[in-house]
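Take the given structure of chain V and dock chain D to it, following the hints.
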Amino acid sequence: MNALKFLLVLFVSVMPFAAHAVDVERVVSPGGIEAWLVQDLANPLVSMQFEFAGGAALDPKGKNGLANLAASTMDEGAGNLDSQAFQQRLKDQSIQLSFSASLDRFSGQFKTLKIHEDEAFNLLHSALVKPRFDAEPIDRLKRQIVSGIRSDSENPGVVAYHALFAGFFKDHVYARRAKGTVKSVEAINRGDLKQFVKTRLARQNLKIGVVGDITPARLAELLDKTFLALPLTPGPAQAPEIKADAQGRLVVIDKDVVQSTIAFGHAGPKRKDSDFYAALVLNHILGGGSFTSRLYTEVREKRGLAYSVGTSLYPLIQSAMIVGRAGTENARVAETIDIIRAQWKRLAEGDLGQEELSHAKTYLTGSFPLKFTSTDAIAGTLVGMQTYDLGLDYLDQRNSYIDQVTLKAVQRVAKKYLDADMLDIVVVGKPQGVVSKP
Amino acid sequence: MMKIIFSLCAVVLFALAPTGVWAAVFNPQTFTLKNGMQVVVLPNHRAPVVLHMVWYKAGSVDEPKGKSGIAHLLEHLMFKGTQKNPDGEFSKRLAQHGGQENAFTSLDYTGYHQTIASDRLEMVMALEADRMSNLVLAASDVETERDVVLEERNSRIENNPGAKLRELANQTLYPQDHPYGRPIIGWRDELAALTREDALAFYQANYAPDNAVLVIAGDVKVDQVKRLAKKYYGTIKAHQVQPRRNMLTTAPIKGGETVYKDARVRQPVWTNSVIQPSLSNGSVKRVAALEVLSEILGAGGTSRLYKKLVIEAADAVSTGTYYNSNARGDGKFIFYASPRPGVKLDVLAAAVRTESQRMVDQGLEVGELERVKTRMLSTAIFARDEMKTGAYTIGSALAAGHSIADVEDWPERISNVTEQDVLEALKAVLSEPRQITTKLMSDDPKPGDGS
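Line by line, the protein sequences give chains V and D. The numbering used here puts the first residue of the first sequence at 1, with every later residue one more than the last. The numbering used here puts the first residue of the second sequence at 1001, with every later residue one more than the last.
Here chain V stands alone, though its shape is the one from the complex (with noise of 0.2 Å):
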């Protein structure tokens, strides 16, 4: 629904697929650039995902937006060609090519017309080992960048979390928005993006997804021709693992609008903990993505006290999260606030039937191929895949995995997870009656 758009979590590894005979196949070039692919001949094209380990988290101190910046400007001129003369090439030939960074990886996305194959995969080489890093594009960029992180500033729904984030993380580089500061932003240079092509985009941390039209072997050498240049090792660097520090704080930031924001989580489990389908189980009953979880019924379709209204698993490479949100007038935050607590607490305490849980699992286990439906949402299925060890037949087990959780595994995982009394929550707004408690 909706209403959870905004919850930023990315199940990239949790993401749909279809049971009904979906070939993932491991292609290994001679270099040894490995893919995962399901080839897909419906529509003449090529969908590519692929991610380098290490994100903005690994920003060095002050440059913090610097894999950001990179991300948005390595296809703005590549090679011989200058931005323009680049993005030309692509718009002309219908290629889509983008790069993003997130605090845990750098990601590349990329899809082609079969007929311009050789000269898409060209250009994205050319972006990733020979990009050029002109001053006009930097330049451009970096003030686009730092437009949005001003805008960013008067977001709530980016206030929120920023906060729940920095009271859980304090120092750590989780802390961060990737997209760094209007100051650290202006602080890189040139030489900064050239560093970190040169340090984080390496063999040894990359992972690839392929969905389309093409061969086995005909993606071997294209993997070559691509990604063999990059080194093979990235830098030494590595965020520290981190619990996130959830103290009971309440966080209110004055704010005048009519509406408060409220985000509020904790620690949760990371995408390869054992509990980590019990807790997904656990988070569509409590607050999860259809119009049927306990906070959805009881904030908003029998008080109407919000729009949106949700929870989410949040995990991160060094930690993890259960995070939610919600928007409600200013009058009534207090009491919506207590309201979350009391459906932590009723789960924490174990209150949960048979009948609620098999309707979560079939859910889960009935809407898993439904973003099965485009080529690069698969092939965002398949980098997930290799990043969290799900292994090649993940699309035949998934389903299996919901299936074996219990009651009593539920019940274990609530308990465990959810505590009311620790859970921080942010209000931005000018929420009534409701004050900061550090």
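In short, the hints are calculated from the structure, not lab data. Any given hint might turn out to be false.
[What the hints assert, rightly or not] Lysine-lysine pairs mimicking DSS-like chemistry, simulated, CA-CA at most 30 Å apart: (1) D:K1285 with V:K91; (2) V:K430 with D:K1332; (3) D:K1221 with V:K114; (4) D:K1307 with V:K183; (5) D:K1285 with V:K183; (6) V:K302 with V:K91; (7) D:K1307 with V:K91; (8) D:K1332 with V:K91; (9) V:K302 with D:K1164; (10) D:K1034 with D:K1388; (11) V:K130 with D:K1307; (12) V:K170 with V:K183; (13) V:K61 with V:K130; (14) D:K1344 with V:K255; (15) D:K1307 with D:K1427; (16) D:K1307 with D:K1261.
[Said to hold, decoys possible] Just the calculated beta-carbon pair ranges, DEER-fashion: (17) D:L1364 with V:E241: 55 to 65 Å; (18) V:Q88 with D:S1140: 57 to 67 Å; (19) V:E186 with D:K1285: 41 to 51 Å; (20) D:H1045 with V:E241: 42 to 52 Å; (21) D:D1189 with V:D338: 53 to 63 Å; (22) D:R1371 with V:S98: 41 to 51 Å; (23) D:A1313 with V:P44: 45 to 55 Å; (24) V:D23 with D:K1285: 43 to 53 Å; (25) D:I1311 with V:R412: 55 to 65 Å; (26) D:D1119 with V:Q195: 49 to 59 Å; (27) D:H1045 with V:R218: 15 to 25 Å.
[Said to hold, decoys possible] Covered stretches of chain V (in silico footprint by chain D; criterion: 3 or more residues with CB under 8 Å from a CB of chain D, positions within the stretch not fixed): (28) 149-160; (29) 326-333.
Please read all numbers here as calculations on a predicted model, not as lab measurements. By construction, the Cβ of each residue, glycine as well, lies at the ideal position given by its N, Cα and C atoms.
The following block gives chain D in isolation, referenced to the frame of chain V:
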């Protein structure tokens, strides 16, 4: 739930560029039930999934005077229940079967959609057909849901200065009382006063098979859809829905410039919205020319405006154009630009004008038109890659009163556009008197607010 409002129905059409004869875009199958309900089927067998959509040819423009917001409130209330499926049973059953659903209200139409495993199509059809004519509403449901929508209004409009400005400015672009000048979600005071009776009256006047289009995309066979559609939708009585009102803009408009200042604005924005023909009242030739024009002038990082304002002059952080031709009333051609700190919005407005005029005076560059057309035509293949694209494109076209041919003949129309067509379209945009300007600015009196 209700959930998505399309304030601008950004319907992008797509096409394919073979040689000689133009291929159609989506190749849908279509038939009409005896009660007048049109059915469109778009088979796509990549995943065992089906998208089921019902589009009502009724949107916020069909609301009675003083009842703004009722189309959208009713959309929310459609999830409440029927005698057969009370208390949100629809959503519960759907969720238990792994289905996902949502709905949206736009100016011209309202849509309900579910995505689910394809072997559950019959269940979904039975549920959706049931609520086409058997909705049951309690007064308390309406009151609670009205609160939800007021919160939705808060989050979409009151908490968003840009949306607030659009709401104000729309009243100056359309004549007094023209429904395109009203917010889809409704004016706060009118919305707060809506009742159960208002919702039921709108429902009875507009929700009927002869005012609806069924679109099914995904892992289905046409025969199977035909059989099920007859069984569930075919038995609903037609309402002889009244012919819809003429939406065209002929009366005078207020026009001018609307300025909205708010301390929350960190990035000023200038826009210029110009009334232009849509597929409802324009020649297909002019509509195609406007689409190509928008692509040349304002689509992305290689467009003329971007090159001039963002790269060469470096006065803007963003700029572009947008054209909406899929409307029951007039269409709109919009220019927009956002300055870097220290640059006044009027400077950008003048630069957009100058760059547009330069195109009129000097014409297109050699090869420019062909490159842009080739790029536009190749989007058809991408469009077919995602199951829902065809369903949304065709559904919104039919719901706005256009035809399947309007979608399927798009490649041919685009390929026939000449340089002269594009320049004439641009001249018409630049000389159109029905146009307005908006300025979104910070009222923080510090440098760089664009004022």
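Exercise for the section: Identify every previously stated hint that the structure contradicts and give their numbers, smallest first. Expected result: 2, 5, 6, 21, 22, 23
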